[in-house]
Structures are given as structure tokens and as C-alpha cells.
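Could you put the whole structure together from the sequences, leaning on the hints where they help?
In my numbering, the protein residues as written are 215 to 425.
Any given hint might turn out to be false.
Said to hold, decoys possible - List of simulated lysine to any residue pairs, SDA-like, C-alpha gap at most 25 Å: (1) K378 / E277; (2) K274 / F418; (3) K345 / Q269; (4) K345 / G244; (5) K289 / P411; (6) K289 / F252; (7) K378 / Q269; (8) K268 / T407; (9) K289 / V270; (10) K335 / L324; (11) K335 / L403.
Note that these hints are calculated values from the structure, not bench results.
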Amino acid sequence: MRFKQHKSAKFTLPTSVGQQGFTLIEIIVGIVVLSIAFSIFTSLIYPLANQSAKQVHQIKAAELGQSMINEILAKAFDENSDMSGGLYRCGEDSNNDGEVKADDGETCTLTENLGPDIDEKDDDGNDERAKFDDVDDYHNLSVIGSSLGSSDAIEQLYIGYQIKVQVSNDSDYSGDYDANIDNNFTAKLITVTVTTPQGFDFVFAVYRVNF
Numbered sequence: 215m216r217f218k219q220h221k222s223a224k225f226t227l228p229t230s231v232g233q234q235g236f237t238l239i240e241i242i243v244g245i246v247v248l249s250i251a252f253s254i255f256t257s258l259i260y261p262l263a264n265q266s267a268k269q270v271h272q273i274k275a276a277e278l279g280q281s282m283i284n285e286i287l288a289k290a291f292d293e294n295s296d297m298s299g300g301l302y303r304c305g306e307d308s309n310n311d312g313e314v315k316a317d318d319g320e321t322c323t324l325t326e327n328l329g330p331d332i333d334e335k336d337d338d339g340n341d342e343r344a345k346f347d348d349v350d351d352y353h354n355l356s357v358i359g360s361s362l363g364s365s366d367a368i369e370q371l372y373i374g375y376q377i378k379v380q381v382s383n384d385s386d387y388s389g390d391y392d393a394n395i396d397n398n399f400t401a402k403l404i405t406v407t408v409t410t411p412q413g414f415d416f417v418f419a420v421y422r423v424n425f
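Okay, structure coming up:
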């Protein structure tokens, strides 16, 4: 009995157009589209993120500036003024002759003598802010982030910030000291400059009047 040998049939799967992959032109077009998309993203999103960070620094600078101003305004007008409520004012016309002279009592601190007193410095000559008792003591004060507050949390919150204070006699409220015009017993201009970690300066100014 004979058996015929049959060859097995071969099946060929049809090839569809969708399985051929991307052509070189399609790849190039895709790269161009992605490049345009990333350009739009970087030009729109990144500046917004930078602006948001700047606003945070502005808020912190305002907090530091206001805090320092409040601290200074709580002090006496002058070293020669009454420290316990303003019962005695330096440079006051006590005899009511229309002029402030030596016989009226203690005169206010001269412009060239503004700054902390000797007993308000440590043995190394550094300012001891905790001993400041009048506005003049804050003249030329410079405070960095590591000594802005009394707690580690505050130091970490304002790390990289710096505060500088200038005090000047400005009796005519012009914003500048003029030796030929300004006296030393009417008003003092307090200028607080806060520098952010990015190097931006924010200036806050206020007057302390002799009362």
C-alpha cells in the first residue's frame, strides 16, 4: 500500500501599511514639532516660575524691612532723650526763648556721632544689638541671614538675606542730610535696605520725630 507524501502549505501574513514604521520625513517633522513645543514651554512657563520666585523674595524682604523698622521706632529718639516715655526731649527749648541752646539742657546727638555707643559694643568692637536703646544706635547696622532672628527656624527662613540701616538728621524731610539746613533735634530719617539672595535691593524709609 502506497502513501503519498504531501507538502505542508505555507501561509504568508499580509503586510499592512501601518506596520511599516515611520518614514524619515515623518521623524524629521516630529522632531521639528517637538522643538517648537519645547520652545513655547520654555518661553512661557519658565519666566512665570522665575517671577513667582521673585514675588516670594519681595514678600520676605517686606517682612524683614517692616520688622526692623518696628524695632527701631520702639526706641528713644536720641541717646540724650528720656528712655522711659518721652518726658524729656533732647534739644528742647526748655526756657521758651525760641532757640535751642546749651542752657536748655542736653542737646541731641550730632550727625557725625550717630551710631552705637561704646557700652553697646562687645570686647571685639562688634555691635550688640540687644543693648541698643535709641534710634541713633542702628546707624550703619548690617545684619546677615544667620543673625536675623533668635531661632534656627527664622535663620533658615531668611538665609541669604541681608539688612543695612542708615540713620540721618533730616529736619526738612527732604530725604537727604544737608549740614547747612538740617538740625539734629527735629526728625531723623531711618532707611532700611533689604538685599535678597538674588541681589535685589528693597529700600524702606520712615521718619522718627522728636516727641
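Practice task
Could you check the structure against the hints above and give me the numbers of any it violates, in ascending order?
Solution key: 3, 4, 5, 6 and 9
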